[in-house]
Amino acid sequence: MYLTQPIGLITALQWKTTMPSQPLLQIRDLSIFDKNNQQPLLNKLCLTIHQHRTLAIVGESGSGKSLLSKAIIGLLPPH
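So the sequence shown is numbered by the numbering used here: it starts at 1292 and just counts up by one.
Don't read these hints as lab results, they were simulated from the structure.
Among the hints, erroneous ones may be present.
[Unchecked claim] With a straight-line Cα cutoff of 25 angstroms, these simulated DMTMM-like cross-link-like pairs (lysine to aspartate or glutamate) come out:
id, residue 1, residue 2
1, Lys1361, Glu1351
2, Lys1356, Asp1325
3, Lys1335, Asp1320
Sequences are here, hints too, so could you generate the full structure?
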């Protein structure tokens, strides 16, 4: 890949479309169970977060947003 324009003339939109979007974080088949290990609170969740992308995790109260966040940063112990 050769630079055809000085860097200062490339707009932010052009930069994002010319840069490949590499996975920054990839989660496969994440399951989180309640304290009794009986019911899955999250069941086989797959998620890929790419560089240079915006992600919003939204949902109703109690839908697992905070649980997912804690699992991603390692605050939930593995089984």
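Discussion item. Hints numbered earlier in the text: which of these fail when held up against the supplied structure?
Written reply: Hint check: nothing fails, all pass.
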